[in-house]
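Fit chain U to the known structure of chain H by using the hints.
These protein sequences, in sequence, are chains H and U.
Just so you know, the UniProt record's numbering puts 105 at position 105 of the first sequence, and the rest follows in order with no gaps.
Just so you know, the UniProt record's numbering puts 224 at position 224 of the second sequence, and the rest follows in order with no gaps.
Please note: incorrect hints may appear among the correct ones.
Said to hold, decoys possible - Straight line, CA to CA, 20 Å or less: simulated SDA-like cross-link-like pairs of lysine to any residue: (1) U/Lys414 / H/Lys38; (2) H/Lys28 / U/Lys414; (3) U/Lys77 / H/Thr118; (4) H/Lys38 / U/Thr29; (5) H/Lys263 / U/Ser178; (6) H/Lys335 / U/Lys414; (7) U/Lys257 / H/Glu40; (8) H/Lys335 / U/Thr29; (9) U/Lys298 / U/Gln165.
Keep in mind the hints are simulated off the structure, nothing from the lab.
Since the structure is predicted, the reported quantities are computational estimates derived from the model, not experimental observations.
Here is what each chain is made of, one letter per residue.
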Amino acid sequence: MNVIEFKDELFQQGSEKGFKDMEIYYEKTDRFVCAIEKGEVDQFTTAEVTGVSFRGEYSGQMGYAYTERLDESSIDFLLDSALESASVLESEDVEEIYEGDREYRDLSFTKEALKSVTSEEKINFMKQLDHEIYQADERVIGTNFFQIQSVEVQKAMYNNKGLALEDDKNYIIFFVVVIVKENDLTKSGVHVEIIEDWSKVDAKQSAHKAVQEAVSYLNPLEVEDQFYPIILRQDAAGDLLETFVTTFSAETAQQGMSKLKEKVGSKIAGDHINLIDDPFRKNGMASRTFDAEGVATKELKVIENGILTTLLHNRKTAKKDGVKTTGHASKPSYKGTINVAPSNLYIEPGEKSYEELVQGIDEGIVVTDLQGLHSGVNEISGDFSLAANGYYVKDGKIQGPTNLMTVAGNFFELLNQVDGIGRDLDFGPSNVGSPSLLLEGLSVTFE
Amino acid sequence: MLNQALVQDVIDEALKTGGDFAEVFVEDTFKDQLMLLGGRIDTSLSGREFGVGIRVYNGFHSAYTYTTDFSREGLLKTAHHAAQAIHGESQIQPQKFQVEQASIIHPIAQLPQSVEKTRKASVMKNAADIASQYHNSISQVKVSLLDEEQNVLIANSDGKFVEDQRIHSRMAIAAIASNEHDMETGFYGPGAVRGFEFFEDLDLNHYASEAARIAVTNLGADPCPSGKFPVIIDNEFGGVIFHEACGHGLEATSVAKGKSAFANKVGERVAPDIVTYIDDGTIPNEWGSINVDDEGNKPQKNVLIENGILKGYLVDQLNSRIMKTKPTGSGRRESYRFAPTSRMTNTYIAPGESTPEEIIENTEYGIYARYMGGGSVNPATGDYNFAVNEAYIVKNGKIDKPVRGATLIGNGPKTLQTVDMVGNNLGHGAGMCGSLSGSIPVNVGQPTLRVSEITVGGRKEDA
Numbered sequence: 001m002n003v004i005e006f007k008d009e010l011f012q013q014g015s016e017k018g019f020k021d022m023e024i025y026y027e028k029t030d031r032f033v034c035a036i037e038k039g040e041v042d043q044f045t046t047a048e049v050t051g052v053s054f055r056g057e058y059s060g061q062m063g064y065a066y067t068e069r070l071d072e073s074s075i076d077f078l079l080d081s082a083l084e085s086a087s088v089l090e091s092e093d094v095e096e097i098y099e100g101d102r103e104y105r106d107l108s109f110t111k112e113a114l115k116s117v118t119s120e121e122k123i124n125f126m127k128q129l130d131h132e133i134y135q136a137d138e139r140v141i142g143t144n145f146f147q148i149q150s151v152e153v154q155k156a157m158y159n160n161k162g163l164a165l166e167d168d169k170n171y172i173i174f175f176v177v178v179i180v181k182e183n184d185l186t187k188s189g190v191h192v193e194i195i196e197d198w199s200k201v202d203a204k205q206s207a208h209k210a211v212q213e214a215v216s217y218l219n220p221l222e223v224e225d226q227f228y229p230i231i232l233r234q235d236a237a238g239d240l241l242e243t244f245v246t247t248f249s250a251e252t253a254q255q256g257m258s259k260l261k262e263k264v265g266s267k268i269a270g271d272h273i274n275l276i277d278d279p280f281r282k283n284g285m286a287s288r289t290f291d292a293e294g295v296a297t298k299e300l301k302v303i304e305n306g307i308l309t310t311l312l313h314n315r316k317t318a319k320k321d322g323v324k325t326t327g328h329a330s331k332p333s334y335k336g337t338i339n340v341a342p343s344n345l346y347i348e349p350g351e352k353s354y355e356e357l358v359q360g361i362d363e364g365i366v367v368t369d370l371q372g373l374h375s376g377v378n379e380i381s382g383d384f385s386l387a388a389n390g391y392y393v394k395d396g397k398i399q400g401p402t403n404l405m406t407v408a409g410n411f412f413e414l415l416n417q418v419d420g421i422g423r424d425l426d427f428g429p430s431n432v433g434s435p436s437l438l439l440e441g442l443s444v445t446f447e
Numbered sequence: 001m002l003n004q005a006l007v008q009d010v011i012d013e014a015l016k017t018g019g020d021f022a023e024v025f026v027e028d029t030f031k032d033q034l035m036l037l038g039g040r041i042d043t044s045l046s047g048r049e050f051g052v053g054i055r056v057y058n059g060f061h062s063a064y065t066y067t068t069d070f071s072r073e074g075l076l077k078t079a080h081h082a083a084q085a086i087h088g089e090s091q092i093q094p095q096k097f098q099v100e101q102a103s104i105i106h107p108i109a110q111l112p113q114s115v116e117k118t119r120k121a122s123v124m125k126n127a128a129d130i131a132s133q134y135h136n137s138i139s140q141v142k143v144s145l146l147d148e149e150q151n152v153l154i155a156n157s158d159g160k161f162v163e164d165q166r167i168h169s170r171m172a173i174a175a176i177a178s179n180e181h182d183m184e185t186g187f188y189g190p191g192a193v194r195g196f197e198f199f200e201d202l203d204l205n206h207y208a209s210e211a212a213r214i215a216v217t218n219l220g221a222d223p224c225p226s227g228k229f230p231v232i233i234d235n236e237f238g239g240v241i242f243h244e245a246c247g248h249g250l251e252a253t254s255v256a257k258g259k260s261a262f263a264n265k266v267g268e269r270v271a272p273d274i275v276t277y278i279d280d281g282t283i284p285n286e287w288g289s290i291n292v293d294d295e296g297n298k299p300q301k302n303v304l305i306e307n308g309i310l311k312g313y314l315v316d317q318l319n320s321r322i323m324k325t326k327p328t329g330s331g332r333r334e335s336y337r338f339a340p341t342s343r344m345t346n347t348y349i350a351p352g353e354s355t356p357e358e359i360i361e362n363t364e365y366g367i368y369a370r371y372m373g374g375g376s377v378n379p380a381t382g383d384y385n386f387a388v389n390e391a392y393i394v395k396n397g398k399i400d401k402p403v404r405g406a407t408l409i410g411n412g413p414k415t416l417q418t419v420d421m422v423g424n425n426l427g428h429g430a431g432m433c434g435s436l437s438g439s440i441p442v443n444v445g446q447p448t449l450r451v452s453e454i455t456v457g458g459r460k461e462d463a
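Okay, chain H solo, but in the shape it has when bound (with noise of 0.2 Å):
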């Protein structure tokens, strides 16, 4: 059964019985991965999966169900358990299935050019990377989750309301973390690159980059407990911001779960500080024309100058809160409901380099990567204290990386903290970046 064949036997069955609106979403995906441990293929794996979501409109309240196996078996279940669903339902604020928009954005994520890389070139390159790797400095003894993967999605929204949508995008991204020792100290170094054309790639050049940032973390100096100021490197910065994004949900803050509850048209960050959601940006990881309810996306200002301008909505917050949807309706797979969330979201780069950013403090401590950010954080009150790895700042110049460190602070006490934004924003594997960003400081405790 195909996809077409599929929705018009569902909708036709669904509505004998008794769903009123009704809409599918499909998702295509095949993948290829590769990982490499010593020169050897250890890991190849190629898959094509696809998932069908469907939700309907059964007196008053909206069912969801879905599923991976698109047959006559699938088109009972989904039917039964979203009348079921829909039954037990008691939310008070209707979802609604869209018509759709006039108008969207005539864009295309997919790279065409990436599609006829072969399997070959992928597994050669990622040998010829190991290569370099282990070149590139004596003290490498080894690699962790080193692996390349290619990915092709394409999606579909029908309604019968007529809505028709269709999307699809790629993208090539590796992963490495480079295990580097001596004097009996291990340490490790993660290195992601995102493959926007392939005649580019230079294994020696990326395996430097990574080699580089494992032994960065060497031979560490001991440095004192204290209150320091802190450059959040890029990748950190972002890693932070990602973690508290459910705070700018209008859905998390109408579930009184977000401080932000009441803060629009106010003040919550330094003048400088510019929050943007961008739908449309090349080669961001989350780029899309239209929403999960089919909503035309646009760039939208979160924060400008300061002030909170705006939550993000999708069409049920929307109309709770008395506003126009912000096009931020989002469904993480066919496996989830709506909610609400960002599509490429960043603060707006700055005018400083990195470097510059260092240079300018007298004795300070450079956070280049922060764990634990699923368990260490209070999303609601922002409190925050997370293990980190970083460097020491004496006189303007890194002196060398720190023992492993923990770092406390608030989130949007934060945002009001920031004296300098550097201008090298970078999203990394993720949908939400930030350049490095200059805090007038954070506790720091040293292991």
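Then chain U, alone, in the frame of chain H:
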């Protein structure tokens, strides 16, 4: 799920390029997720996850492919893709299937899919009511209920053809306490390999009140001081620290490649003699228990560390070839999307002699971590970090005042060596463990124990 003749053809196709072993994993899973917020059922989602994973080995090399396309054509194509990555010279003749149903060591009374959602909703409401009424500072309660029926078939070229049904039920209760300045949370998430009877028998008064009590306690707590202190970690979910800090290092996945601090150390002392560490997938109906692992092998009780001496590892089939040892019934995976590898089931530190009271009485100054949150570990270095969900200062052998926002950091193998008191009150706690073969249910467990020194991070600046 798939007929034997087709499975046989898929295995034959997978072995065409000279592989010496092939395996087919078929999964048909039904899941329900309900969420209650603000006293109302806000989300209800049902799903069916269906797919087939095919694995081929040649010596120490393996290839894995998976698909949701269950047509004969689709399956043969997927097997062909796996075979293409293998360049072997074996010409093995697959063994005739010995069809079996996994023996049930964890009996189920009420299958989740046979229970109406209204009954599930009603248990959730009871939990929410208890938590909401606990204290007037409780401003929001979120209750999630998850259950799943995973039907699997595992067949391989050694003649294995095993079918199994895995049932998981879990409730997660999150309470938020707030005043004008602060919002704090409390959480409890019990789970088991049981059907709907798990929710009916669940002591909601205990779990829902505890979630609320933790939130209220944190609301009144000062920020935690930072520094190096003795840390007393309570039983049940407290075991998460050794799960991350030691358990992962005992999995063949890292041992076989020599990447673990515990590699090549069987027979050596790795911990004080008061520490015995066990993984046991056979404990009846526990959250991490299994009837059969995802490679078709029976679970067993694996003593990993006995009185401080390293005894063995958790070993899956592929790594058993590399390590020249027997698999330990530890091959697990989240779903057909993952090749299985060595993973934990119910892992715990065995009870010792001390009472929890003695441990506190013997601590002059330190941190008492009553409920642990999540954490992670860097497998290369053994460095870990954990959040503490409920913590207290211990002063002069007595529990003093609550503190919030504590994080523990350190190095796993080193922390293991500094355990200096082990209690007699073993308890298990349910969690989800993420690693190479996906996110799987595991229990972590321990009695109350003390580590002589851990680095504690907190926001209090004048510690």
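So, going through the hints one by one against the coordinates:
1. U/Lys414 / H/Lys38: violated, 28 Å
2. H/Lys28 / U/Lys414: Given pair H/Lys28, U/Lys414 is violated - Cα atoms ~46 Å apart, limit 20 Å.
3. U/Lys77 / H/Thr118: holds, 18 Å
4. H/Lys38 / U/Thr29: Measuring from Cα to Cα gives roughly 37 Å; hence the hint is violated.
5. H/Lys263 / U/Ser178: Judged against 20 Å, a Cα distance of about 17 Å means the pair holds.
6. H/Lys335 / U/Lys414: Between H/Lys335 and U/Lys414 the Cα gap is close to 41 Å, so the pair fails against 20 Å, i.e. violated.
7. U/Lys257 / H/Glu40: Since the Cα atoms of U/Lys257 and H/Glu40 sit roughly 13 Å apart, the hinted pair holds (cutoff 20 Å).
8. H/Lys335 / U/Thr29: holds, 13 Å
9. U/Lys298 / U/Gln165: Distance of about 14 Å is within 20 Å: holds.
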